[in-house]
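Enquirer: In case you want the letters, here they are:
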Amino acid sequence: MRCQRIFSIILCGAVLCAKAVFAQDIRFTAEVDQTKIALGSSAQLTLTVEGAQDIQPPAISPVDGLDIRYLGPATRVSIVNGQYSTSKSFMYSILPLKVGRFTIPSLTIDITGKTYPSEPVIIEVVDAPGAVAGQIPQGQSAGEGAQEEEATVSLQDRVFLALKVPKDKVYLNEPLPVKILLFISSVQVADVRFPELSQAGIDVAKIPQPQQYDQVINGVRYHIAEFDTTVYPTRVGELTLGPAKLECNLVVRTSSAPGRSPLGGGVFNDDFFNSFFDRYEKRPLTLQSKTTTLTVLPLPEEGKPAGFTGAVGQFHFEATASPSEVNVGDPITIKMNLAGKGNIKAATPPAYIRVEQFKVYDPQIKEEDGSKKLEQVLIPESDQLTQIPGVQFSYFDPSLGRYQTISKGPFPITVHKSPAGGQTLKVVAGESLPGQALRPEVLGQDIVFIKGSPGDFYPIGQRFYTSPLFFVVILILFGLWLFLFVMYQRTHKIETDIVYARRLRAPREARRGLNEARHLLGVKNTQKFYDIVFKTWQGYLGNKLHLSPGEVTRETVQAKLAGRLDERRLAEIRKVFEESDAVRYAPSEINTEMMRESYSRLERLIDELERLIK
Amino acid sequence: MIRNASIFLCSAAGFFIFFFADAAYAAGPANIQRMTDEQAIAGFVAAGAAYKAEDFASAVAQYQSIVDAGKESGALYYNFGNSYFKLGDLGRAILNYEKARRLIPRDSDLNYNYRYALAQMKEPATPPAESWTRRLLNGFIQFYTMEEMIIMLLVLGCFLGFLHLLSLYLKWPARTAGAVLSVLAAGWFLFFGAWGIKWYTCQGAAVVVEAGEAKFEPREDATTHFTLAAGMRIKLLKLEEDWAKIERPDGKMGWLPVRSFGLL
Chain A
3 MRCQRIFSII LCGAVLCAKA VFAQDIRFTA EVDQTKIALG SSAQLTLTVE GAQDIQPPAI
63 SPVDGLDIRY LGPATRVSIV NGQYSTSKSF MYSILPLKVG RFTIPSLTID ITGKTYPSEP
123 VIIEVVDAPG AVAGQIPQGQ SAGEGAQEEE ATVSLQDRVF LALKVPKDKV YLNEPLPVKI
183 LLFISSVQVA DVRFPELSQA GIDVAKIPQP QQYDQVINGV RYHIAEFDTT VYPTRVGELT
243 LGPAKLECNL VVRTSSAPGR SPLGGGVFND DFFNSFFDRY EKRPLTLQSK TTTLTVLPLP
303 EEGKPAGFTG AVGQFHFEAT ASPSEVNVGD PITIKMNLAG KGNIKAATPP AYIRVEQFKV
363 YDPQIKEEDG SKKLEQVLIP ESDQLTQIPG VQFSYFDPSL GRYQTISKGP FPITVHKSPA
423 GGQTLKVVAG ESLPGQALRP EVLGQDIVFI KGSPGDFYPI GQRFYTSPLF FVVILILFGL
483 WLFLFVMYQR THKIETDIVY ARRLRAPREA RRGLNEARHL LGVKNTQKFY DIVFKTWQGY
543 LGNKLHLSPG EVTRETVQAK LAGRLDERRL AEIRKVFEES DAVRYAPSEI NTEMMRESYS
603 RLERLIDELE RLIK
Chain B
5 MIRNASIFLC SAAGFFIFFF ADAAYAAGPA NIQRMTDEQA IAGFVAAGAA YKAEDFASAV
65 AQYQSIVDAG KESGALYYNF GNSYFKLGDL GRAILNYEKA RRLIPRDSDL NYNYRYALAQ
125 MKEPATPPAE SWTRRLLNGF IQFYTMEEMI IMLLVLGCFL GFLHLLSLYL KWPARTAGAV
185 LSVLAAGWFL FFGAWGIKWY TCQGAAVVVE AGEAKFEPRE DATTHFTLAA GMRIKLLKLE
245 EDWAKIERPD GKMGWLPVRS FGLL
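So the sequence lines, in the order shown, correspond to chains A and B. Residue numbers for the first sequence follow our numbering, so the first one is 3 and each next one is one higher. Residue numbers for the second sequence follow our numbering, so the first one is 5 and each next one is one higher.
Among the hints, a few may not be true.
As the list claims (entries may be wrong) - Which residues of chain B face chain A? A partial, calculated answer using Cβ under 10 Å:
1) D41
2) I45
3) V49
4) G52
5) K56
6) S77
7) A79
8) M150
Calculated directly from the structure, the hints in this document are not laboratory data. For every residue, glycine included, the Cβ atom is placed at its ideal position computed from N, Cα and C.
All chains should be built: construct the whole structure from the sequences, respecting the hints.
Expert: Printed below as a string of structure tokens:
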């Protein structure tokens, strides 16, 4: 009943609401929170549909000079004096990209087959934040076109990226310093990432941290972030460098807090209160520079040295050999260092490949801190050698426009005969740089010398664990453990199993009672004898069959033992109980022979029950 | 109950280990003239002096006399192997190094010489790539001698039994007792398994002392099946008069004259 009542109330409410909805007029309006905004600030456009709920956000065609982004919906439901009304609003953020007057044209929305138009919205974008003074009423100059012609200052003039190259003609692999400049003026930019400059046919060096400084250009002060890098053209011909791309966030001021009148004026509409109530948002911005065309010239064939490997730039080359005095078979380490301005990746120090009467190992080359280091091991195989041949490094100097060659060596050495020895093993250390790691170690190898002490002698095939004594010790230990374990199990069972414990106690206590009865039989104390006999019998059966003293009656015992004992024994058990009654009611008829018989019967029965009832 | 049963099984297993160990190792060489430790030391020193004098043949003879008299030690086999190595008998050198490794497996000199001798083999053994777990297990097995493993089994077994009884009589919480006993039992089984593997791998193991050919049949004129390099470890499968059926590490089986190998 209660559920039915609740359901009826909900149903009535829903019907009334639906009725109210359908009864409400549908209106579609467009409004901005401020019609005059400064470049670098943002405004909020709200499209409101009253009287309808299930609708999608209307599409807004792009407006040149404005960046409009959808923020999300908001729903409002109100009941005032029983009047139900609903509205749904769609919020958009408007970021002006340049100065001027812009009109967001009339928007339309279709609801249940009917089209509802909104009024156009005009926004004036001024150059500086201080220029925001008056406001333009909404709906004015609707037919004036998308924008006015006098828009001259744009957001692109306030934050932009530039790519600067010193020259447009370069040689193949020539290092070309490039600057990527980020200009910022009168806007706030945050989360600036490193620029990207990738182009097929051009290698770009790692871009380091930028230098930052301010500069006034054409009367405008710019904050500049300068990223310096170097590019290396790797293909001959016309190559396009750029555009450089940089991602950052533009920090824009959004609409202010309540109290700020859209009509302007008032004590709270000055800069102090505006800045107090304003809030800021970050809008992602991707900046692109212009491209630059490079003409990449091939390296001249004229005068190209034989050992030229493609190094272009200005280089310094050093080479040393140490030690200079060695024995035959000892290693000599050649160290070369190549540094300078140029594509160090493409430059290779001139390693030895084959040298007469030298064993030449593969070089170890490592690039670090803009230089290349080479270490190579040469082992003289003759004591007649006096020098290691020199090495030459050639490169093309683009500033001079010709090839340069740096020669080092020959390196004088003194080689002695190797001292007499057997087989040698040459071990070259794996770690090469830095330090002495490449120094090879030349070792003789043989077996280690004999031992001076024999250690403990054992009889062959006999060990301590083969001795019978050891075997006996193991058995004793095992037996001890087994004994203690069984003891524990028994004790534990007695403690926890009362039936088992009573059954275990039954013969012991019965034996005690029988001893006492035998004594009383000797002194012919009939009354006491039968007291003890029946007490023993009752105690024994109680323990054996887990019965309380009151439960030990002829009927109970018969019932418990029926089927477990034969008829003869059951008759004897009955006899014991009958004797009990006889002694109680006719004690004068008891004589010594009967007492002896009673004792024997009891002893026999207990003995048999012990054997038969487990 | 399960815990009690496992303890019982552990103990029973220990019992049988020693029984089998006894059966396996009690049988030593028969009919040998035993020498005292002092005599063995004197022979050892004399052999060392011969070695230092580079009379390696004499050193070999001295060491052999000690072994023939029924005495052995890790250092003895090590020096014996060195002497054979100096004589160029790589197979017997490796055989003696293998014997020494049974007694002093952690000796760095021995392991170095052993590896060096193996590297000198004409056909070095190229064991198949092993997983890290296998290498770890092999390292563990090689680290201990059989005697040390048995002592560890005994000590752990006693400790296990003692703690088991203690946990029962002192009524330890079942979880505590279970955790402690499980750890000990795991250690015990680890040593037991390692001991079993070691015992099994030593059974019928031999080292080829003379490079030779394994035949398809136990006859000199039979077809050669494969060759064996001196120093290669093999497994004996069956003995038949002067021939033995052997298995090479790569699983190939053939017949080899008994004079060509030495038992570990």
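Enquirer: Against this structure, judge whether each hint is valid.
Expert: How the hints compare with the structure:
no.: 1; hint: D41; in the structure: holds (5 Å)
no.: 2; hint: I45; in the structure: holds (6 Å)
no.: 3; hint: V49; in the structure: holds (8 Å)
no.: 4; hint: G52; in the structure: holds (6 Å)
no.: 5; hint: K56; in the structure: holds (8 Å)
no.: 6; hint: S77; in the structure: holds (5 Å)
no.: 7; hint: A79; in the structure: holds (4 Å)
no.: 8; hint: M150; in the structure: holds (8 Å)
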